[in-house]
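There are 2 protein chains.
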Amino acid sequence: MEFVSATYRLRCAEQDAETIAREIALEQTVEVPEELIRSAAISDDVVGRVRSVLPVSGTSGAFAAVIDYPADLAGTHVGQMWNLLYGNISLKRHVRLTSVSLPAEVRRRLPGPRYGVDGLRDMLGVYDRPLLATALKPRGSSPEQLAALAGAFAAGGGDVVKDDHNLVDATFAEFRERVDRAFDAVEEVNVRTGRRTLYAPNLSPPIQELDRYAEYLVQRGVRAALIAPMLLGFDTVAQLTRRYPLVWLGHPTFTGSFFHDPDHGVAPGLMLGTWFRWLGCDATIFPNYGGRFSFSREECVSIADGARSPDTDFKPCWPAPAGGMSFDRLSEMATDYGADTQFLIGGALLSDSANLEGSTRRFLEAILAQFPQANQREPAAAWASACELPMTTEARKILEHLSFRSDFTWRGRAATAYKPDDRLPFRDVSRTELVGAFGESTAFDVRYFEIAPGGYSSRERHVHAHVVMGVRGKGMLDTGDVSQTISPWDLAYVPSLRPHQLRNTGREPFGFLCIVDHNRDRPQPA
Amino acid sequence: MEFVSATYRLRCAEQDAETIAREIALEQTVEVPEELIRSAAISDDVVGRVRSVLPVSGTSGAFAAVIDYPADLAGTHVGQMWNLLYGNISLKRHVRLTSVSLPAEVRRRLPGPRYGVDGLRDMLGVYDRPLLATALKPRGSSPEQLAALAGAFAAGGGDVVKDDHNLVDATFAEFRERVDRAFDAVEEVNVRTGRRTLYAPNLSPPIQELDRYAEYLVQRGVRAALIAPMLLGFDTVAQLTRRYPLVWLGHPTFTGSFFHDPDHGVAPGLMLGTWFRWLGCDATIFPNYGGRFSFSREECVSIADGARSPDTDFKPCWPAPAGGMSFDRLSEMATDYGADTQFLIGGALLSDSANLEGSTRRFLEAILAQFPQANQREPAAAWASACELPMTTEARKILEHLSFRSDFTWRGRAATAYKPDDRLPFRDVSRTELVGAFGESTAFDVRYFEIAPGGYSSRERHVHAHVVMGVRGKGMLDTGDVSQTISPWDLAYVPSLRPHQLRNTGREPFGFLCIVDHNRDRPQPA
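Those sequence lines, one after another, are chains A and B.
Positions 1 to 526 (our numbering) are the ones given, in order, by the first sequence.
Positions 527 to 1052 (our numbering) are the ones given, in order, by the second sequence.
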C-alpha cells in the first residue's frame, strides 16, 4: 500500500501530542471515534497511521506529527487532496500542515510546470540572472494606457509583464480588447528589438467561460497567463494548466488566512511553493518580505525552496517575490533568491512611469550588476505562440474524411452493437459511431443508427438534449404527447428529459443521425 | 454608482486605524500607492472609499472600518468577489472581514437557496421542529453497509441522511453503486412508511466530471446533494446550485483557516452563514460548539443568523450544527438554534448502530419533547424527484421539428448573413442556423451553409474542432496539405487549429452542414 505522508505542527502539552495526532488521523479519514470502527479492513486500509510525534527542537510546546494516509484517500482529482490533508482539521485549533510527501501514483495525477525555469529561459534567451517582471495597473486605466506601459517595459528590456490580478473584465469583448492591445504593444517591441518580452494577461472569467477565454489566448498567440488558484479552485487550475500550453503564473490572492498564525493553517512554502508548482504554475508570485505584506524572510525563502527544489517528477517553478522591491534592496534579494527568480517590481517602476522605459533599463542594469555572469543569447526554444506548439496529438491529427458509400456506410467506420442495457428493450437497430469515439476533441458525438422495417429503438429519456436527423427511409419520433415523421434531412431537437423512441414506419431501412453531447448521462427507461 | 460595502475589523493602535483602512481601500482596488493615481476618474470610480472607522466597543485596540467598493469591481462572477473583499488583504496582518452588504445588481448574480427552510419543510411535511439529520460513515464501509445505515435511519423517522464528506469515489461506477444502494434503501422505507426521508450523496467528482455526476443524481431521482464550496471553488458551486434543482447541503471542510484568529480571516457567520446561503446552499453544516471543534457558542449563533436572517432576495438556509450533539444537550441546542435547524447527529447515533433505527426514534422523540407544537402533516409540495420538477424552461420546451423542404431549406429557419468579420474574405455564402441559436441546451450547434458556384468560405482556423457534412452539390475542403471532395453525406472532421476553407467545385449550389461546439473561439485568418 502506498501512502500520502503529511507532517503537522501541533501546539499542545507534551502529554496530549500523541492523542491529538491520533485524533487527526481519525478525523481526516473516517470521522468517527476509534471505538466505532468495527472492521479490521477499515482500521488497516482507511484510518491514517501516526508514524511519529516528536518535539520541535528549540520551540517548547510544539510537536511534529507525521501521519501516513492510504494513497487511495487522496482521490483521483487534485482538489480532494486538501479534504484529506487539511479538511475538517482546519476547523480545529493549533494544527498546522507543514509538509507533504506523495507516492508516485498520486504525483502522476498532478500536472506540474510545463516549462518551468529552464523552459522559460529557453523561450526568452535569458540565462544566469533573475528575470525582471512587472504588473500592468492600476485598474481603471484604459486599454491604451495599459498597452503603453507594457510597450515601454518591453522597450526597456523587461522580461515578463503581467496584468494586475484586479484587471477583471465585465465581458469577453472587454477582455479581448485589453489583451489585444497589450499583446500587440509588446509584440511590436519584440519584433523591433529582436528581444523577447512575455506578456501574461489575467485569466479570471466566470467559470463556465474559462475555456473560451483560454482558447482565445492560445488562438491569439499569447504565450502566458496569470491565474489565482484559490479563486478558481484547485481542480479547475489543474485542468487548465494541463490543457493549455501557456506559461502559467500563479497569484496568491485569497490565500493569506492559511499563513497568518504560525500554529495554524498551511506553511507558505507548502501552499505557494510546492502546491502551486504541483498544480502546474511555471511561476509563483508571493509578497516579498520587507514590503507591505507580512511574510518573514524565512517564509519567503521557504516558498522559493518549495517552488524549485530538485524533484525528479516536477520541473522547477520560478519564485516571483513581489512588493516592496527597490534599487536599494536588489543586492539583498539577489543573495536571498539567486538567479532563478522573477523580481516582480510594480510600484518602484511605475512611480517613475513618466519614463518607464528608462527606469526598466536602470533596473535591469542593477540586476546585471548583481549577476555579472548573466548572458542574453540565442534562445534555445522557438518564440512560438502556444497555438503553434504541438499542444496535443489533436493538432497533429490527420484530417478525417469519412466518405459516404451508396449502401449507407462510411469508409473507415463499421456498425457496432446497439446498446447493452437490458432495461431498455429495442428491436433490429444497428449503430455506427462516426465522430467522437476516436479521440476527437469536439464537445459532441455523431452516430448513425439504422432500424429495420418493424424495428424500434428503446423508449428512454436522459438529461442531455440531442438532435436527430433523417438519412434514409422513413420513421417516426414518438415523444409521449407528440409524434413526428422523420424523412431524410428532417431535423428534430429532443429536449432534456423528454421521453422518446424512434420507429421504422416504412418498408425499407430507416436510417438517422444522432448528434449528441460527448459528455452525457446514460439513458433511462421512460 | 452602487457599492459593495465591507466592514473590516482592524487590530491596531488608534492613530493608525484610518491609515490602515485607507491602505485596504487602495490595495483591494488599484494596488498602487495613492500618489501614483493620476486620474480623477480612477480616484472617483475605482478606489475604495473609507466610510467610517470606529472603535469596537468593549475591545481596546480594535476598530471597525467600513469601506465601499464600486459594485463593478465585484466582477460578473461570484468567485471574483473574494478577490475584491479579501484577496491581497488576506496576506496582511490583523485585518478580518466581518460583514458585507451588496447592492441589488450584485445580489441578482447570486443564486441563493432554491428551497430553503420552507421549501424543504413542504417537501418533507415536517413543521415546527428541527430536522434530524445524520451522516453515512465511516469510509471503507461497503455500499451495502452504508445503505443499511441509511435505511435504518429512515425507518427510525430521521429526516435527512447525507454521505460523509470523505465518501469520495475513484470512479463514476463506484459513485453510482454507492448512491443507488443508499437511495434505494431510503426510498424503500419512504414507500413503506409514507414518510419522507431525504438522502444527500456527496458530490465530489473531478471538476470536468461534475455535470455528469450531477446529471446522474437528477436522472436517478435523487433530490439532494452534499458539496464542499472551498474545495470546488465558489464560481463552480454557484453554477451547480443554479443549474440543478437539488437540495444543496454545504460542507465547511477546508474553511477553518479563515476562522482561527479572531483578528484575521473572515467571520464564520459571514462565510458559512451568509456566503454559503448566497451561493445557493439550502443548508449549511458547521461544527457545533462544545464538540470536537473550536467554534464558540456565539460564533455558532452568528452562522445560524447569517444563514436564515430575514432577507427580501434570499430564502433562509438551514443551519446544520454538527458534532458533539447528544441527548443531554438537546434542550440547550433547542434554545440556541430554535426550530428551523437541522441537528446533524453522527457519532451519538452510530455509537448505537446495532440498533440505529431505535436510537433514531429515541432522538426524534427527544426533539419532539422540546418542540411539543411540532407536527407532521400532509406535505405541501410533491415528493417529486428533481428530474420531475420544472427545472428549466428546457424541460417544458416543445419538441422542435425542422422538416426539410425540397429547396434545401428547413421549416422554421431562415438563412442569415454569413459573417461580419472583414478580415476573412469569402464569396457567395449563405448560412442557416438550425440548432443551438434558439436556447437549446446541447453542447453543439448545427448550421447549414450554402455556397454558390464559384464561391468559397473564408480561409480560417480556430481552436475548436468541428465536423462538416455534405448536403447538396459538390465541394472541396482544403486544409493546407490535404484537399477532400465533399459530396452529400460525406463527413469530415477538421481538427483543432487546422487551417481550412470550403469551395464549390460544381455547377449547382454546394450545401453542407457544419456541426460545431456551442462554446467556441472565433475563427482567425489562416
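Bear in mind the hints are in silico, worked out from the structure with no lab data behind them.
Be a bit skeptical, because a hint or two may be false.
[Claimed, not checked] Computed Cβ-Cβ distance ranges for the label pairs, DEER-style:
1) B/Ser929 <-> A/Pro379: 53 to 63 Å
2) A/Asp313 <-> B/Arg818: 28 to 38 Å
3) B/Ala880 <-> A/Asp45: 18 to 28 Å
4) A/Thr193 <-> B/Ala567: 27 to 37 Å
5) A/Val482 <-> B/Asp648: 43 to 53 Å
6) A/Glu298 <-> B/Asn881: 48 to 58 Å
7) A/Phe408 <-> B/Asp648: 50 to 60 Å
[As the list claims (entries may be wrong)] Quick list of in silico lysine-lysine cross-link-like pairs, DSBU-like style, CA-CA up to 35 Å:
8) B/Lys618 <-> A/Lys92
9) B/Lys1000 <-> A/Lys92
10) B/Lys1000 <-> A/Lys474
11) A/Lys315 <-> B/Lys1000
All values reported here derive from a predicted model rather than from experimental measurement.
The beta carbon of each residue, even a glycine, is placed where N, CA and C say it ideally should be.
Structure-based check of all given hints:
no.	hint	result
1	B/Ser929 <-> A/Pro379: 53 to 63 Å	59 Å, holds
2	A/Asp313 <-> B/Arg818: 28 to 38 Å	37 Å, holds
3	B/Ala880 <-> A/Asp45: 18 to 28 Å	23 Å, holds
4	A/Thr193 <-> B/Ala567: 27 to 37 Å	33 Å, holds
5	A/Val482 <-> B/Asp648: 43 to 53 Å	32 Å, violated
6	A/Glu298 <-> B/Asn881: 48 to 58 Å	55 Å, holds
7	A/Phe408 <-> B/Asp648: 50 to 60 Å	53 Å, holds
8	B/Lys618 <-> A/Lys92	22 Å, holds
9	B/Lys1000 <-> A/Lys92	70 Å, violated
10	B/Lys1000 <-> A/Lys474	25 Å, holds
11	A/Lys315 <-> B/Lys1000	51 Å, violated
Going through the hint list in order, the structure does not satisfy hints 5, 9 and 11.
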